[in-house]
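**Student:** Required output: the full structure, derived from the provided sequences and hints.
Read in order, the letters of the sequence shown correspond to residues 1 to 751 in the working numbering.
Since the hints were made in silico from the structure, they are not lab data.
Each residue gets a CB set at the ideal place from its N, CA and C atoms; glycine is no exception.
Check before you lean on any hint, since a few could be wrong.
Claimed, not checked - Pair by pair, the computed Cβ-Cβ distance ranges are:
#: 1; residue 1: Pro240; residue 2: Lys321; range: 45 to 55 Å
#: 2; residue 1: Lys443; residue 2: Glu719; range: 14 to 24 Å
#: 3; residue 1: Tyr533; residue 2: Lys605; range: 20 to 30 Å
#: 4; residue 1: Val250; residue 2: Leu195; range: 47 to 57 Å
#: 5; residue 1: Lys321; residue 2: Leu132; range: 38 to 48 Å
Unchecked claim - With a straight-line Cα cutoff of 25 Å, these simulated DMTMM-like cross-link-like pairs (lysine to aspartate or glutamate) come out:
#: 6; residue 1: Lys248; residue 2: Asp236
#: 7; residue 1: Lys202; residue 2: Glu253
#: 8; residue 1: Lys370; residue 2: Glu326
#: 9; residue 1: Lys606; residue 2: Glu459
#: 10; residue 1: Lys261; residue 2: Asp284
#: 11; residue 1: Lys626; residue 2: Glu147
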Amino acid sequence: MEQEESPYLLIRYKKNCTINKAIIDKDSYENHKSEMLENFPKYKIMDKKEDFLILTFTTDKKIEKNLKNTTLILHTSGTTGDQKAVKLSYKNLLHNSKGIIKTLGITEEDIGLLIITPQYAFGNSIINSHILAGSSIKLGNPFFPSELVKEIQEDTTIVYGTPNLPRLIEKGKKNKDKLNGAPRLFAFAGDKPTLRLLEILKTNYPLQKIAMMYGQTEATARVCCKISVHPKDLIDDIGPPLPGVRVKLVNSEGEEPTPGKTGEIWVSGPNIMEGYVLEEKTKDKIERGWLKTKDLGIKSKEGRVRIIGRMDNIINLNGRKVIPGEIEKMIESIKNIKKALVFKADGRVGPIIFSAVIKEENVSEIKLTKKIIALCKKKLPSYFIPKKIEFVSSFQTTKNGKISRRETQKALLNEVMRCKICGIGNNVPGVSIDNKNICNLCKAYTPTSKSKLLLKKKEIQKIYRESHQKAKYDFVLALSGGKDSSYSLNLLRKKFPESRILAITIDDGFLSKTAKRNCEYMCKKNLADHKIYKIGGKKFNSLLRELVKKEIFPKMAMVRASNLSTICSAIAKQKTILEAIKNKSRIVVFGWTNGQSFNPIVPLKKNFILWNSKILRSQIRHLKNKEIVEDLIINKKQLNKLDYRIFMFHPLLFENYTEKGLISRLTTVGWKIPPEKDANTSNCELNAFSTFIHKKIHGFNPYAKEISGLVRAEIITKEEGLKKIKDPLSKEIIIKAAKRLGLKSEIKDLK
1 MEQEESPYLL IRYKKNCTIN KAIIDKDSYE NHKSEMLENF PKYKIMDKKE
51 DFLILTFTTD KKIEKNLKNT TLILHTSGTT GDQKAVKLSY KNLLHNSKGI
101 IKTLGITEED IGLLIITPQY AFGNSIINSH ILAGSSIKLG NPFFPSELVK
151 EIQEDTTIVY GTPNLPRLIE KGKKNKDKLN GAPRLFAFAG DKPTLRLLEI
201 LKTNYPLQKI AMMYGQTEAT ARVCCKISVH PKDLIDDIGP PLPGVRVKLV
251 NSEGEEPTPG KTGEIWVSGP NIMEGYVLEE KTKDKIERGW LKTKDLGIKS
301 KEGRVRIIGR MDNIINLNGR KVIPGEIEKM IESIKNIKKA LVFKADGRVG
351 PIIFSAVIKE ENVSEIKLTK KIIALCKKKL PSYFIPKKIE FVSSFQTTKN
401 GKISRRETQK ALLNEVMRCK ICGIGNNVPG VSIDNKNICN LCKAYTPTSK
451 SKLLLKKKEI QKIYRESHQK AKYDFVLALS GGKDSSYSLN LLRKKFPESR
501 ILAITIDDGF LSKTAKRNCE YMCKKNLADH KIYKIGGKKF NSLLRELVKK
551 EIFPKMAMVR ASNLSTICSA IAKQKTILEA IKNKSRIVVF GWTNGQSFNP
601 IVPLKKNFIL WNSKILRSQI RHLKNKEIVE DLIINKKQLN KLDYRIFMFH
651 PLLFENYTEK GLISRLTTVG WKIPPEKDAN TSNCELNAFS TFIHKKIHGF
701 NPYAKEISGL VRAEIITKEE GLKKIKDPLS KEIIIKAAKR LGLKSEIKDL
751 K
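**Tutor:** Okay, structure coming up:
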């Protein structure tokens, strides 16, 4: 489980004052009351609405001094380096929003659909613009293409998306017909879609206009915009500046270059930031009111500016300057190539140009390689031609979905940097390492306060007292026989001696003998009833085989566990909650650690459970044997019996322990360490195989993020964490699982 972000958003609402305003929904307020008291002791509730509260509070005057004219702080995406905190004023935000409204012609009749995270510049600027125009804005979910297409078709007039949007639409539509629904405009920002992607969009929406928007966070999001019905018109230049914004090119001599020559793009206007929060970084970015973008451009005789790359990305190859963007554009013009990145790499006799390419499925790599070399030889200087081409499934991305060139290069060239605190590598998506070798997860980590834990303890005790004797079971626990769930069961009996406990075990056919023994023994030892659900068999194995070759889960799941582990844990979660509903139990228990969650008690609303089930159904809908899983998913009829709130409880989060200490305590009471375990397998013989497949496809250990969380929580040491990540997997267990699944071909390169 990903660590949750704080549920309240702080917004300055009066210029140059220390009073701030927060809007928070009532449930989140109750759950985070202690945290707010700790961080903002002077807050007051100013207004109560039906579903939310409006609070005010005062901030530290030292903080205010640096933020004198600041209305909003946004972080840059960090595609080429570390993220920077940008200070934006009311004037910046207002001018930029007005410019976007005028350029896109936004009126109060418009309904926008934003398919990008709102906490970065592009998303934030669009929300501001629609609010200022008096129009509506809604958020779209890119993880469910069919739902996304429905949203676009219903009442949306402007769609704001990333370059991948055309593919999502193609994937989400139900038939091959042109859609041509409600939208009048599709607007893109960030990474520029290729001509091929724009043509895919036009096959579905032939009459709609497309807006290509260029900008930077430091320029309050948008600088230029070009709008056209024809994709070819949108590829070459960035279009005219927004009203009140000026753009020019400056060469290395500090002069404007002649047409056709290269220069850095500089921007001026009331949209330029106040500066960075770390003020010493501002002086290198702004010169006499002009923002230096570090984007390289060429201006035509007609005054049109075309971006050719980033100054940060220029490759110095034996004294010659190579611009990766020119090579990438050439490669991406080839049919069946989705995206390309170009880097400098070490060759056998010196530095070479290396290209990483994402291609369409079922297309020959050999044929594409020949096409790339032939086209580059025809169109580019000899030293621009890639000497090595590697086809990959994906590139590393930043938090807001933009491709991170730096992290991709390190991952592809095996330059894995590791955090000096937790040991996680930057080959894991969403992880970045700064120049001090500290990862973004460690920088953001704050241990749960003792006062909050105390409040949470009182909360679970209160829930237990209220529900005790009113249901057949006080707790319904997911039990795998592994150390964490077994110790959680032991804790329940110790902390709640009078409680009635039901343990649920899912046997998918790969549950180890020792795990089965531990489940039975721990239930007997702790006086818990035990139910085992057997779901293994030929059909389930067939479904697992499909999951080895299909990516059905979103990227956020990919960094938490492998495909096979995700489906198994989803089934366990569904069955545990369903048993709680059947038995009128209010508390479901999971053996999650600090590496998987930071909140020991999570309320599960009826709508949330239904939404979760709906998501799982949507994810498995294309699997041939989906009915095996569908029969295990909670449905609406079963939820109708739920007339109370269920709570998800993680007892381990209350404990101050080390992994070694936990195992020692468990073995003392009779729990057995599985003899067949390796660093990734303790209770399920499928784990090692699924981890092997995940590492083979994605290039990183699927449990790396969870393991790093255990290190931060001091449950294991950094050295123990690295051992878990790096230690070789058990060949014996991998081969055994592959044979049972009929997937011996998938492990032919097992070393």
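**Student:** Could you run down the list of hints and mark each one as holding or not?
**Tutor:** Checked hints:
no.	hint	verdict
1	Pro240 with Lys321: 45 to 55 Å	violated, 29 Å
2	Lys443 with Glu719: 14 to 24 Å	holds, 21 Å
3	Tyr533 with Lys605: 20 to 30 Å	holds, 25 Å
4	Val250 with Leu195: 47 to 57 Å	violated, 29 Å
5	Lys321 with Leu132: 38 to 48 Å	holds, 43 Å
6	Lys248 with Asp236	holds, 17 Å
7	Lys202 with Glu253	violated, 43 Å
8	Lys370 with Glu326	holds, 19 Å
9	Lys606 with Glu459	holds, 20 Å
10	Lys261 with Asp284	holds, 24 Å
11	Lys626 with Glu147	holds, 19 Å
Checked against the numbered hints above, the structure violates hints 1, 4, 7; every other hint is satisfied.
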